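Numbering that gives the first Met the number 0 applies: residue 0 is where the sequence shown begins, and numbers increase by one.
Treat the hints loosely; a few may be bogus.
As the list claims (entries may be wrong) - Capping the alpha-carbon separation at 27 Å, the derived lysine-lysine pairs in DSSO-like fashion look like this:
| # | residue 1 | residue 2 |
| --- | --- | --- |
| 1 | Lys3 | Lys25 |
| 2 | Lys107 | Lys10 |
| 3 | Lys106 | Lys10 |
Unchecked claim - With beta-carbon atoms standing in for the labels, derived distance ranges:
| # | residue 1 | residue 2 | range |
| --- | --- | --- | --- |
| 4 | Pro105 | Arg148 | 31 to 41 Å |
| 5 | Asn140 | Leu22 | 31 to 41 Å |
| 6 | Arg148 | Met0 | 17 to 27 Å |
| 7 | Ser101 | Gly23 | 11 to 21 Å |
| 8 | Lys55 | Phe143 | 31 to 41 Å |
| 9 | Pro105 | Ile42 | 10 to 20 Å |
| 10 | Pro70 | Lys158 | 34 to 44 Å |
| 11 | Pro74 | Phe154 | 29 to 39 Å |
| 12 | Lys56 | Lys152 | 35 to 45 Å |
| 13 | Arg145 | Lys56 | 15 to 25 Å |
| 14 | Met53 | Asn103 | 15 to 25 Å |
The hints are simulated quantities; they were obtained by calculation from the structure and are not laboratory data.
Predicted model, so just to flag it, every value in this text is computed and none were measured.
No residue lacks a Cβ here, since even glycine has one placed at the ideal position from N, Cα and C.
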Amino acid sequence: MLFKSTAYFRKITDITPDFLRKLGIKGLILDVDNTLTTHDNPIPAEGVAEWIEMIKKNNIKLIIVSNNHPPRVKPFADLLGIDFVSEGKKPLPKGFKEAFKSLNLPKKNISAVGDQIFTDVLGANLFGIKMLYTAPIEPENTAFFRLKRTLEKPFLPKKFN
């Protein structure tokens with residue numbers, strides 16, 4: 000199914016290296032807004048920087064793919080020491096293809112991580128990689144996001160890993 004994830008987590012820091020190993024994951028494509036931090040926030044959410052370091056120490060490659068522009072994504076990625084693709088055009092394959100080339104791993108060893116059904120989940124499924132859904136860090140205030148989150152409800156998990 001195009002809107003189904005491989006696994007569901009309340010927050011990104013709940014994803015463990017052991018869980019990733021069990022799935023054969025050696026590379027993660029990470030979303031930024033409401034996955035690693037709140038919208039337009041230049042600082043990672045609580046525990047995210049430490050989680051990134053733990054994942055790196057476990058030899059799991061990381062790259063950010065965001066639909067945002069470089070001035071938003073580059074400073075955030077630089078702060079965490081992660082490569083990035085901005086203007087990824089999710090759910091289209093553009094950003095996923097660039098990340099795939101950069102990670103230099105087979106698709107079976109890559110998973111995307113993000114909080115949006117119609118960009119992150121759909122994009123990962125269209126590209127043919129595993130998807131680890133994380134609940135949004137906080138609700139968005141704009142009418143666009145409120146509508147989008149309402150439309151996502153039928154596809155949200157009933158329980159989390």
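- Message: Could you work out which of the previously given hints the structure breaks and list their numbers from low to high?
- Response: Those not satisfied are hints 9, 13.
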